[in-house]
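For chain A, the structure is supplied; the task is to place chains B, C and D on it using the hints.
Residue numbers (the numbering used here), protein chains in the order written: chain A, 319 to 729; chain B, 319 to 729; chain C, 319 to 729; chain D, 319 to 729.
Be aware that a few hints might be false.
The list treats identical chains as one, so a pair stands whether inside a single copy or across any two.
As a list, the in silico DSS-like pairs of lysine-lysine whose alpha-carbon atoms are at most 30 Å apart [to be verified]:
(1) K444 / K373
(2) K721 / K559
(3) K423 / K655
(4) K409 / K549
(5) K665 / K722
(6) K484 / K347
(7) K558 / K721
To be clear, the hints were calculated from the coordinates, so they are not data collected in a lab. Given the structure is predicted, the values throughout are model-derived calculations rather than measurements.
Chain residues, written in single-letter form:
4 protein chains.
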Amino acid sequence: MIENNTNIKKVVLAYSGGLDTSITIPWLKENYGCEVIAVVGNVGQDNELDGLEEKAIQSGASKIFIEDLTDEFVEEFVFETLKAGAKYEGKYLLGTSFARPVIAKKLVEIAHSEGADAIAHGCTGKGNDQVRFELAVKAFDPDMEIIAPWRTWELKSREDEIEYAKERNIPLPMKEDNIYSEDRNIWHISHEGLDLEFPDTEPDFSKVLKMSVPPEDAPDEPTYISIAFEKGVPVAIDGKKMKGTDIIKTLNKIGGANGIGIDDIVENRLVGMKVRGVYENPGGAILYRAHEILESITLDGDTKHYKDKISIEFANVVYNGKWFSPLRESLSAFVNKTQETVTGDVKLKLYKGNIITAGVTSPYTLYSEEFATFGEDGVYDQNDSQGFVNLYALSTKVQSMMKKKVKESVE
Amino acid sequence: MIENNTNIKKVVLAYSGGLDTSITIPWLKENYGCEVIAVVGNVGQDNELDGLEEKAIQSGASKIFIEDLTDEFVEEFVFETLKAGAKYEGKYLLGTSFARPVIAKKLVEIAHSEGADAIAHGCTGKGNDQVRFELAVKAFDPDMEIIAPWRTWELKSREDEIEYAKERNIPLPMKEDNIYSEDRNIWHISHEGLDLEFPDTEPDFSKVLKMSVPPEDAPDEPTYISIAFEKGVPVAIDGKKMKGTDIIKTLNKIGGANGIGIDDIVENRLVGMKVRGVYENPGGAILYRAHEILESITLDGDTKHYKDKISIEFANVVYNGKWFSPLRESLSAFVNKTQETVTGDVKLKLYKGNIITAGVTSPYTLYSEEFATFGEDGVYDQNDSQGFVNLYALSTKVQSMMKKKVKESVE
Amino acid sequence: MIENNTNIKKVVLAYSGGLDTSITIPWLKENYGCEVIAVVGNVGQDNELDGLEEKAIQSGASKIFIEDLTDEFVEEFVFETLKAGAKYEGKYLLGTSFARPVIAKKLVEIAHSEGADAIAHGCTGKGNDQVRFELAVKAFDPDMEIIAPWRTWELKSREDEIEYAKERNIPLPMKEDNIYSEDRNIWHISHEGLDLEFPDTEPDFSKVLKMSVPPEDAPDEPTYISIAFEKGVPVAIDGKKMKGTDIIKTLNKIGGANGIGIDDIVENRLVGMKVRGVYENPGGAILYRAHEILESITLDGDTKHYKDKISIEFANVVYNGKWFSPLRESLSAFVNKTQETVTGDVKLKLYKGNIITAGVTSPYTLYSEEFATFGEDGVYDQNDSQGFVNLYALSTKVQSMMKKKVKESVE
Amino acid sequence: MIENNTNIKKVVLAYSGGLDTSITIPWLKENYGCEVIAVVGNVGQDNELDGLEEKAIQSGASKIFIEDLTDEFVEEFVFETLKAGAKYEGKYLLGTSFARPVIAKKLVEIAHSEGADAIAHGCTGKGNDQVRFELAVKAFDPDMEIIAPWRTWELKSREDEIEYAKERNIPLPMKEDNIYSEDRNIWHISHEGLDLEFPDTEPDFSKVLKMSVPPEDAPDEPTYISIAFEKGVPVAIDGKKMKGTDIIKTLNKIGGANGIGIDDIVENRLVGMKVRGVYENPGGAILYRAHEILESITLDGDTKHYKDKISIEFANVVYNGKWFSPLRESLSAFVNKTQETVTGDVKLKLYKGNIITAGVTSPYTLYSEEFATFGEDGVYDQNDSQGFVNLYALSTKVQSMMKKKVKESVE
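Chain A with its partners taken away, still in its complex shape (with noise of 0.2 Å):
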């Protein structure tokens, strides 16, 4: 047993039924001679909660809690990003990230409720998660203890853990050679690991691909969709009201026909390391692009060029597991101001990996013939520009003017 372990009587598990979080329970057991309780965070993983509640028990928990976080997570942390337009190094739609502080903050609650002494977690001492959970239970419980076995037991590999898993008649998945480390939510699917940990080759998609197929394997017909935003939250698609889970499944399921919203990148960790993913966001671009495109009819160039550069550290601060602190909450503080005329409807046009404009309409729209034309009587004056154009330089001719003079003064 793990010296001065004594005082923890009670853990909260966030498990997910896989291999390493129900080994995780006898180890909890045997290390701290605690109990263990298991909580599930539904976050959309959907038909990977079956059967979860009887596996649990079987590997030792004392109770399981499966929470249903889907509407939380949409609504308070997928949509509250999306207004940002926040994209980790302007690719990543942070699905991972944000999903491990809605499930941290139900953990607390729990642990509270059930009067536990503590909380572990599976994630591993080489990513983000680890910090992404800790930071979210610190934020609600300062003195949580937190336990995170990976970073300390003696299993170093996976068939390790099975050994050890069988030793203790742990319930096994069922065996899967070869397979991609994956990370699934309502609004992603990661993948990582095997081949692609090797940046100088090609992913086969047709392996690595869930949620969607290659670009290659879509229809040759586009699919046309709308979607209505209000105040920067997308509220319908093709005119039928849906809530916002409803809206990201639809769309996830045409876009994912439609080969939308793959990405293969390589990304900087916070723990200083490059790490080469593929990422499944079907519903994710296609509300990105689209809330865009509202965007750039709705919102005035400086709003625009100040909230990118809001968007960058909003990416970033949500990436490095700081969702639950003053600077997050600061930064959607004005991104919420800005989106109170994001609203409106954009039609695009989906083919092949392809987000097409369509058409943006929108009745607080800042573009419009009347003032794009600029007829002759319009808002425009041309007359206008001779005096705006000098003044506009002026800094540039004094520039000038000072080179000149210097030159002059050395020749």
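Positioned in the frame of chain A, the structure of chains B, C and D alone reads:
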């Protein structure tokens, strides 16, 4: 004659051979009583250059200079911006923006060598180009007189212009009805006007596009290419060394055939209005994506993240006509320092509008299996994670402790 | 009469009672054949308001409104900017910049209620204030006609103005020779002109200053004060609750007596030129420093660092006349979110131009002995440092390994 | 002996001669069975260097290197940062932050030339310096072993250390009770600890300060000095050319005598906690202010505004120990480009803690009477203003039109 114009004896005119700049020649002569020297800056518009000399003289110019600026344009403007990763409003590759300064610089040179008193351009008073032209002129000669007939003359329509031309026996370009307003050079074509002025309507790409086919019309088989970079600059395609202009021409052809690099956007002009345009950048889109992919393995995270902010500023500065400015040069100094290790090869798969990563390598890669697998005795010790997370989370913990204390003090 | 002016029947004029705006009244009447309504926006210039009514009527105004905007100015403009920590170019506390919008807003209100066709102001064509005025007017009424006589009339000097006034029996202000051009309100005084136009010369503060004494003339004994803030807004001095305007007045007096808040700077105007000014901001300097000190214990590092960037943008936006804009409002939303815990007391020692920290406390402090001493069983475990440093350094290590490898491969 | 330590045969120790690093010598020998080479990096702590050789040998070192790094420190670190205008959190001039890397670089050089296996330092696990040291070591040798005894040994108090020293006959420094923890070099002194740990109390500057007098004790007469810069670097005082270190020494003396450059701040450490310190930077404060004043006439507005953001990043990067990083080098490239015209003379009046501008000139000034007075036939035509304001306001007008239209459509 315009008052106070008697001191203008010789004008250098930025000449294109189109109707607008053709009638500017007699207009200048009639209104200023001056000699007009036509200057054509070739930045890759190519086929539009035939017969220009004859046309200029026939329109009344005393002389014409046709200057091939293509290499300078590509090496010193296009690639400098490519290295910066600068896209205006996240999309526009600045094809028109940096073509104006390179031409303006040449105009000043010729004005000086020919002893001209003024420089004239054919930009309207509604757009960005007048600003770009005039700032660049002033950067090289603060005292040079600038004449912009479009902002002042009484010709209000194409019909007015044609009549004006006919009256003076100016050779008319072949009649083209209902054509989009277009700006073309080796890097891009932009299209504006007609139905594009209505953002709620989908453009008919088959009518708009000139360099590219729509994705639907691209081949059913993907095309693979490999691009080599040295210090951020493309130097070879498929292993064959080429100069910059040839690289762009080659990629325009390949990219155009595969429906790559078509963007349909509403952008914010410097002068406060929104404009909708369709851009074709087949080669540019490929080069930008390839460069990004190479940077993803050769730049460290800190540098990448800050450079993303520099990119936004770089794009704004260039879009707004300040190419020749201390700020742009200082931004370039930053960028060039970052590019010292951006050397390597990027393989891409082009397919119906998609640019798909097919492998990247670099002698300076910061990604390699050695770092990535992080085996037990490798560079990464998972035991370090605990300490890392604890200290990284310290600020969060301290805030959480404060909140708890405040809450308790209230209760 | 100016052509096309016959449609202007009634003009609302931003009136100060000075020579410039006094002669504007007959000028408007003569050139537009209109009625002129004078409006004085009191933002704390105080003593300059005596006798204005009589003077306006005598100068030909049909009516005068003297509006006390001081509280609104302080609560909604000054403190909003104080919370943002915004200083233009790191120095200027924006005293003139946000006084223009609050007045312009009132002008539009009165123009609407009085049924006026146009708004006139007395700003010159060389400065920032014309921009600030006109943007604010347009923000509330895009169609309101704006008249800026200074940009167009033929009066080229003070002598011209005096003669113009005499001819029309306009009451002349007392003769003041060689006075600095000055803008005053409750928040600040700015001084420009005369010898200040030469940055190579030291100003004679004894001649320039009006609110403050030079540091040399301040008392030999320091003055201690204590300022209480609630959510970033000052609410009490030395324990005595006061409304905002009284806090500023009190601090102006104390600060002015101690030689606080004098700045002598060369700043970059929006319209491309540099101008040199001396600013007096005794109360402002104290409030900014006190607020900063309080934030140093109540904001976490991430928030502080990003807010420092927001401050720069906020200052630029306000300086450039865009108070009433989505960007400024979004920046304020960010700022206000950060201020939720900026509550507490700051004690300062004022001594001959110095503001010296003499103690700060807050119920929301993120600094406390408990966190700071970090005793052995406290919140901080030094053993964590090793892991932290190792992972924090990982990116550096990886780069260093790459360089070593490259170097070896070359040898 | 620490396990796995047998492979360490020779250690290079960053040695100061204080109690902490003195006892580190026997501790390393006892725990690693290794030879210890003491290295002192002189960055201007000066008087602390006497008798160090004898002391190191007596403490058990086999050898000592006393390296004068002062010129390198000043030219390549201090002035590089001065040019950037970088102040951490707007205040701290980074005196300790960049002293660590210059020393660490030398440690690696000596470790390589002496064939050492490891580098040891005496930084605690609570501070920033461990990070700065170790990142710099890794930047030059990714494989170098680093030993940080303070993070692991059992000595928990000064008393423990003294006993440990006595037992081994280590020469004890003269007894000093209740002294502030201090870091000193040619650029600054920092003070921490004792009553400074309580931000609610005013420090007694007469007890804390060593380089400066409190403003109250400064002379009643001001001191005037003039500083000449070339490309952002100070090169002369009062017309007398001096090398960098002499400039700083001279200004420290003058500034210190006038109570200049004392800062009392609560700052955010990298490792998530706040610390309160008093800094003395007499020469630094003068140089920063002089440099700022010179930039106010030599940098154009755009460059100044963006450089202010670069300054913040530069300070963060240096504070966080990343001196030797591509990002810092790229930021420096930006900065150095901006400094090409930052040449000229700045005259200052120093008086009891105040630095007052007394005149600035530059051959590259962008301010001059010629530009500033803007006479009637000068570079500025007031008629341009109308057009400028109209176009500059266009975005505001368009938004206002939209709002009006929306409002009308609702009514």
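Taking the hints in turn, this is what the structure says about them:
1. K444 / K373: Within. Shortest intra-copy distance 27 Å satisfies the 30 Å Cα cut-off; inter-copy 44 Å does not.
2. K721 / K559: Between copies, since 26 Å is at most 30 Å while 63 Å is not.
3. K423 / K655: both (26 Å within a copy, 21 Å between copies)
4. K409 / K549: both (23 Å within a copy, 23 Å between copies)
5. K665 / K722: between (54 Å within a copy, 26 Å between copies)
6. K484 / K347: within (16 Å within a copy, 48 Å between copies)
7. K558 / K721: So K558 and K721 pass the 30 Å test across copies only (28 Å; inside, 63 Å).
Consistency note: the structure conflicts with none of the earlier hints.
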